[in-house]
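Asks: Produce the complete structure using the sequences and hints provided.
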Amino acid sequence: LSRGVAEISAMIVLRRLDKKKDRVEISAEQLLRAAEEAERLASVLNRPMAVLGWYHSHPHITVCPSHV
1 LSRGVAEISA
11 MIVLRRLDKK
21 KDRVEISAEQ
31 LLRAAEEAER
41 LASVLNRPMA
51 VLGWYHSHPH
61 ITVCPSHV
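Sequential numbering from 1 applies to the sequence shown in UniProt numbering.
Just so you know, these hints were derived from the structure itself, not from any lab. Here the structure is a predicted model, which is why all the values come from computation and not from measurement. Misleading hints may appear alongside valid ones.
For each label pair, taking beta carbons as the anchor points, the in silico distance ranges come out as [as the list claims (entries may be wrong)]:
#	residue 1	residue 2	range
1	41	4	35 to 45 Å
2	48	18	11 to 21 Å
3	47	22	33 to 43 Å
4	64	25	12 to 22 Å
5	28	3	11 to 21 Å
6	46	18	35 to 45 Å
7	13	45	14 to 24 Å
8	46	20	36 to 46 Å
9	25	50	18 to 28 Å
10	19	42	18 to 28 Å
11	67	41	25 to 35 Å
12	15	40	16 to 26 Å
13	67	4	33 to 43 Å
14	46	17	27 to 37 Å
We treat Cβ as the ideally placed atom computed from N, Cα and C, and that holds for glycine.
Replies: Structure follows, in structure tokens:
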């Protein structure tokens with residue numbers, strides 16, 4: 001993070017825990033693996049790396065963001 005700007009350098013596709021239409025959840029193990037991969041990349045690239053967040057789509061509901 002530099003001057004309030006984050007650069008996305010990598011992404012990992014995670015699996016949903018369930019198929020409920022109204023939520024998207026990932027396992028703690030997947031999040032841990034993502035953090036470990038960020039540490040590995042930081043070592044390889046010799047620069048700070050971190051899990052910044054996650055994203056998902058809402059293909060069957062409103063385009064308005066949720067409150068969370």
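Asks: Each hint needs a verdict: does it hold in this structure or not?
Replies: Structure-based check of all given hints:
1. 41 with 4: 35 to 45 Å: 22 Å, violated
2. 48 with 18: 11 to 21 Å: 34 Å, violated
3. 47 with 22: 33 to 43 Å: 38 Å, holds
4. 64 with 25: 12 to 22 Å: With Cβ atoms ~21 Å apart, the hint holds.
5. 28 with 3: 11 to 21 Å: The hinted range 11 to 21 Å is violated for residue 28 and residue 3, with Cβ atoms some 32 Å apart.
6. 46 with 18: 35 to 45 Å: About 39 Å separates the Cβ atoms of residue 46 and residue 18, which means 35 to 45 Å holds.
7. 13 with 45: 14 to 24 Å: The hinted range 14 to 24 Å holds for residue 13 and residue 45, with Cβ atoms some 20 Å apart.
8. 46 with 20: 36 to 46 Å: 41 Å, holds
9. 25 with 50: 18 to 28 Å: Holds, at about 21 Å.
10. 19 with 42: 18 to 28 Å: Between residue 19 and residue 42, where Cβ atoms are some 34 Å apart, the hint is violated.
11. 67 with 41: 25 to 35 Å: Cβ of residue 67 to Cβ of residue 41: about 33 Å, so the range 25 to 35 Å holds.
12. 15 with 40: 16 to 26 Å: Cβ of residue 15 to Cβ of residue 40: about 20 Å, so the range 16 to 26 Å holds.
13. 67 with 4: 33 to 43 Å: Between residue 67 and residue 4, where Cβ atoms are some 24 Å apart, the hint is violated.
14. 46 with 17: 27 to 37 Å: 35 Å, holds
Of the numbered hints given earlier, the model fails hints 1, 2, 5, 10 and 13; all others are met.
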